[in-house]
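Colleague: So the chains spell out like this:
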Amino acid sequence: MSTMQKEAERAGIPAALITAIPSVAKSVGVSRIITGGGIPYPAGDPNLPADREFEFRKRLVEKALEAITSQVQEPTVFHVTLA
Amino acid sequence: MMAKPVRIVHYINQFFAGIGGEEKGSSPLEFCEGPKGPGLGLTGLFKGEAEVVRTLWCGDNLINQNQEEILKRVVELVAEVKPDLVLAGPAFNAGRYGLACGMVVKACKEKLGIPGLMGLFPENPAVDIYKKDTYIVPVGESAAKMRDALPKLATLAVKMGKNGKLDNALVDGYIQTGYRYNEYVPENAAHRAISMLMKRLKGEEPITEVPLRGFEKVPPAEPLSDLKKATIAIVTGGGMVPKGNPDNLKQAFADAFGVYSLEGLTELPAGDYKGIHGGFDSTWVDLDPDRVVPVDALRVLEKEGKFAKLLDHYYSLCGIGTNVAMSKKLGSEIAEELKRKNVQAAIFTST
Amino acid sequence: MKLERGYFKITDLAFADKTGLEKGIFKVNKKELIERLLAEDENHLIKTLDLEIVKPGEDARIVHILDTISVGLKIEGEGLFMPGHLCDPVIVGEGKTLLVENLAVMECAELPWAGKSALLYPRDAIVDMTGPAAGYSPFSETFNLILKMEMVTGASDVEYDNAVRSAGIRASRYLAEVLRNLTPDRNEVFDFSTPVDPALKKIAYVIQCQNQGTYSNTFLYGHEVSNIVPIRLSPTEVLDGCLVSGNYVWPCFKVPSFIYSNMPAVLELCRGHGKEWNFVGVVFDRGHNNSHFEKQRVANLAANQTRLMGAEGVIISWEGGGNAATDAMITLQRCEAWGIKAVPYTFEFGGPDGTEGILLVDDVPEAKYVVSTGSIEKPITLPKVKRVAGGDCLRLRKETGGAPEPAEVERTLDVITALYCGANQSGIGKLAGVPY
Numbered sequence: 001m002s003t004m005q006k007e008a009e010r011a012g013i014p015a016a017l018i019t020a021i022p023s024v025a026k027s028v029g030v031s032r033i034i035t036g037g038g039i040p041y042p043a044g045d046p047n048l049p050a051d052r053e054f055e056f057r058k059r060l061v062e063k064a065l066e067a068i069t070s071q072v073q074e075p076t077v078f079h080v081t082l083a
Numbered sequence: 001m002m003a004k005p006v007r008i009v010h011y012i013n014q015f016f017a018g019i020g021g022e023e024k025g026s027s028p029l030e031f032c033e034g035p036k037g038p039g040l041g042l043t044g045l046f047k048g049e050a051e052v053v054r055t056l057w058c059g060d061n062l063i064n065q066n067q068e069e070i071l072k073r074v075v076e077l078v079a080e081v082k083p084d085l086v087l088a089g090p091a092f093n094a095g096r097y098g099l100a101c102g103m104v105v106k107a108c109k110e111k112l113g114i115p116g117l118m119g120l121f122p123e124n125p126a127v128d129i130y131k132k133d134t135y136i137v138p139v140g141e142s143a144a145k146m147r148d149a150l151p152k153l154a155t156l157a158v159k160m161g162k163n164g165k166l167d168n169a170l171v172d173g174y175i176q177t178g179y180r181y182n183e184y185v186p187e188n189a190a191h192r193a194i195s196m197l198m199k200r201l202k203g204e205e206p207i208t209e210v211p212l213r214g215f216e217k218v219p220p221a222e223p224l225s226d227l228k229k230a231t232i233a234i235v236t237g238g239g240m241v242p243k244g245n246p247d248n249l250k251q252a253f254a255d256a257f258g259v260y261s262l263e264g265l266t267e268l269p270a271g272d273y274k275g276i277h278g279g280f281d282s283t284w285v286d287l288d289p290d291r292v293v294p295v296d297a298l299r300v301l302e303k304e305g306k307f308a309k310l311l312d313h314y315y316s317l318c319g320i321g322t323n324v325a326m327s328k329k330l331g332s333e334i335a336e337e338l339k340r341k342n343v344q345a346a347i348f349t350s351t
Numbered sequence: 001m002k003l004e005r006g007y008f009k010i011t012d013l014a015f016a017d018k019t020g021l022e023k024g025i026f027k028v029n030k031k032e033l034i035e036r037l038l039a040e041d042e043n044h045l046i047k048t049l050d051l052e053i054v055k056p057g058e059d060a061r062i063v064h065i066l067d068t069i070s071v072g073l074k075i076e077g078e079g080l081f082m083p084g085h086l087c088d089p090v091i092v093g094e095g096k097t098l099l100v101e102n103l104a105v106m107e108c109a110e111l112p113w114a115g116k117s118a119l120l121y122p123r124d125a126i127v128d129m130t131g132p133a134a135g136y137s138p139f140s141e142t143f144n145l146i147l148k149m150e151m152v153t154g155a156s157d158v159e160y161d162n163a164v165r166s167a168g169i170r171a172s173r174y175l176a177e178v179l180r181n182l183t184p185d186r187n188e189v190f191d192f193s194t195p196v197d198p199a200l201k202k203i204a205y206v207i208q209c210q211n212q213g214t215y216s217n218t219f220l221y222g223h224e225v226s227n228i229v230p231i232r233l234s235p236t237e238v239l240d241g242c243l244v245s246g247n248y249v250w251p252c253f254k255v256p257s258f259i260y261s262n263m264p265a266v267l268e269l270c271r272g273h274g275k276e277w278n279f280v281g282v283v284f285d286r287g288h289n290n291s292h293f294e295k296q297r298v299a300n301l302a303a304n305q306t307r308l309m310g311a312e313g314v315i316i317s318w319e320g321g322g323n324a325a326t327d328a329m330i331t332l333q334r335c336e337a338w339g340i341k342a343v344p345y346t347f348e349f350g351g352p353d354g355t356e357g358i359l360l361v362d363d364v365p366e367a368k369y370v371v372s373t374g375s376i377e378k379p380i381t382l383p384k385v386k387r388v389a390g391g392d393c394l395r396l397r398k399e400t401g402g403a404p405e406p407a408e409v410e411r412t413l414d415v416i417t418a419l420y421c422g423a424n425q426s427g428i429g430k431l432a433g434v435p436y
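Residue numbers (this note's numbering), protein chains in the order written: chain A, 1 to 83; chain B, 1 to 351; chain C, 1 to 436.
Since the hints were made in silico from the structure, they are not lab data. Nothing here was measured: the structure is a model prediction, and the numbers come from that model. Just so you know, not all the hints are guaranteed correct.
As the list claims (entries may be wrong) - Here are the in silico distance ranges between beta carbons for each label pair:
1. C:366 - A:77: 14 to 22 Å
2. A:12 - C:379: 30 to 38 Å
3. B:272 - C:392: 32 to 40 Å
4. B:272 - A:77: 30 to 38 Å
5. C:379 - B:171: 24 to 32 Å
Claimed, not checked - Cross-link-like lysine to aspartate or glutamate pairs, in silico, EDC-like; alpha carbons within 16 Å at most:
6. B:306 - A:66
7. B:132 - C:356
8. B:309 - A:51
9. B:303 - B:267
Don't be surprised by glycine CBs; every beta carbon is placed ideally from N, CA and C.
Bound conformation, chain A alone (with noise of 0.2 Å):
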């Protein structure tokens, strides 16, 4: 998927990815990578009651946004806390 990220971005859409494992996708060269989960939750964490989960997932989904909004020169990781 980062690859494919890349090209959504050589094509000029501006793209967030959120992966687990931020560290293969900023050696790929993703530009803007948001920390997700873990590998088979990207978007969520079931050690969370649902409440909390779904709460971590829409600030996933915002951080993704603000990266997207966001001037990278390199590939840039982005971290969403619950505090």
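Since chain A is already given, all that's left is putting chains B and C on it; use the hints.
Modeller: Same frame as chain A, but now just chains B and C:
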């Protein structure tokens, strides 16, 4: 009875032919019988097993600018003497000379079926362009390294002239073309790893069996200026598809993507969708598909007016084992679709 | 620890009236073994059980392969070969163990594709005894006793997994009893109890396994290792079967129990211990950790184990695909940062001619010295075969329904992922990606 010596046609440029330097870059294509310039050095190294029967040379600028016309004549001059091999250079790090060597060798291979060999400094731009078409022997950066370059070229020229080809790149030391094949080697991988480690522990630098390949740098797209007016799309590599996998998407080594409707959906309901990605335990995303296709969260933000519209379908495939070429193809197809549908930005998810 | 291993090499395997080993021929009383295995299958999960013999050089294909087990017997020292399975988890690795070096017990069954996880089901696994695919698996060279099992329906994955493994281990122990009073063909001794020349370079070996849930698990002293913290093991423990595989998800990416107890890098490092190097030990951990943080944690702990052992160099290998490569590469990176030289061996991608895209699914800049175990992205044509053992069909492509297909016909596969041990992750095979 000694075997007949390998017949070689040698291509060099105006400088090594003794005509002149940069200022003579437009000097015409000429030839002579027998060796000239570095070919004389090679002759001694061939020890009678090979001989340069004809030497061709041309100004670097002229051949680069008039490729078709010059190469046509080159091919004629090579065909006349029926060599076993075309040898070009060594061109060290000279860019235009390197390109000239490459195009000469490639033309003779394609038009006459005669194998070719050339010598280039590994960072010469001609390497990446021609390494798949011909064997390139790595040499030093400038003509000061001629003495080291010639013996390598001589040995491989003889070998190639006799056999028509060379052994693998680790044995014969030419610049790896990128072609790799599975073959049986004398020792198993565990043994070779231990040997490689012992060499390193002794302070040596063994040659890796698997060179690292870098990734292409794609500059980031300009950020979205007006989020409130934007249409956003979801693309997932997590393999979340409608139950039953209606498009028969593959669980790995993807060669296609699916497009699935989000019309009227405020979330992806469990039970109607299934994760088919063969590389992670899909149990959690099967229980809540929004964990990999975050429709529910995006709908809430859409309703709040954070952005204008969530595209009414999402794109899905299983992102494992997809090689880079296929990823680029699928990625650019999806990007094309997004543009056609006036999508301003995308959120990708991967596992 | 000090371990002596005595090896028997057989020249034939056959069914006969009495189980025994004589003049190189291993004989098996089929009826007796089948009855024993069914009787001991306490939850009656095995509906039918048949035994088949497949020999090197036969025009045969084996399908539905789950785990493959060695036949070993400890005659001195504590514990049983493969401790913790149907016996107490007693620490092994000392004394004397007898093994039949070219006899393998294979568990073959069509385990239900329960329709749950897209990862956790046994994809069909193939060994061809001859032909172009034979070299992808070490078991084309062993005499294989196949436990062909059909399971009852309605039970859980955990139960099926347990049942097939128990049957395999019981069969292995039944055969191993034969060796008890026999003299092996040859012996070797691995002595880690005496100090070695301090000038010898200290080498450790990091073995990273797969353990992502039932059908993809690895067992250390009888228990799966989802929560494992990297642990130091003596090489002799590994050779005595403390690692058993229950990993059947991706046929090419696996190290079956047979190979764990005969791990080539472990054997070679043991053989050179005290002479060419100082083999300070094995570090065992699992990959596929779910987040970058967890990957770093496991990698750092594993690298630190090697550092605490005084390692100057490490060999690293792993089981599984890309996700696992990341954990191993971070381990490598940490070792190199601490001045411990690391050499991994791994499969490659690269496409049919090697030029497509990347070679390694994940790497780090420090991975400058890597050994190849061959590319998995090569197409292969399996020839028509005379005989199919272990089952009578192939189940491919669960994601599109997984209907059974004929197993004996010629078939071209795009990639070699269905070949048992095809990615050569134990380094036992001689296939490598060779550059041109």
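Colleague: Does each hint hold? Answer for all of them.
Modeller: Verification of the hints:
1. C:366 - A:77: 14 to 22 Å: 20 Å, holds
2. A:12 - C:379: 30 to 38 Å: Cβ of residue 12 of chain A to Cβ of residue 379 of chain C: about 37 Å, so the range 30 to 38 Å holds.
3. B:272 - C:392: 32 to 40 Å: Distance hint for residue 272 of chain B, residue 392 of chain C holds at roughly 36 Å.
4. B:272 - A:77: 30 to 38 Å: Holds, at about 33 Å.
5. C:379 - B:171: 24 to 32 Å: Roughly 25 Å apart at Cβ, these two residues keep to the hinted range, so it holds.
6. B:306 - A:66: 11 Å, holds
7. B:132 - C:356: Holds - the C-alpha atoms of residue 356 of chain C and residue 132 of chain B are around 13 Å apart, at most 16 Å.
8. B:309 - A:51: Violated: residue 309 of chain B and residue 51 of chain A sit about 24 Å apart, past 16 Å.
9. B:303 - B:267: Satisfied, since the Cα-Cα distance of roughly 13 Å is no more than 16 Å.
Hint 8 alone, counting from the list given before, is not met by this structure.
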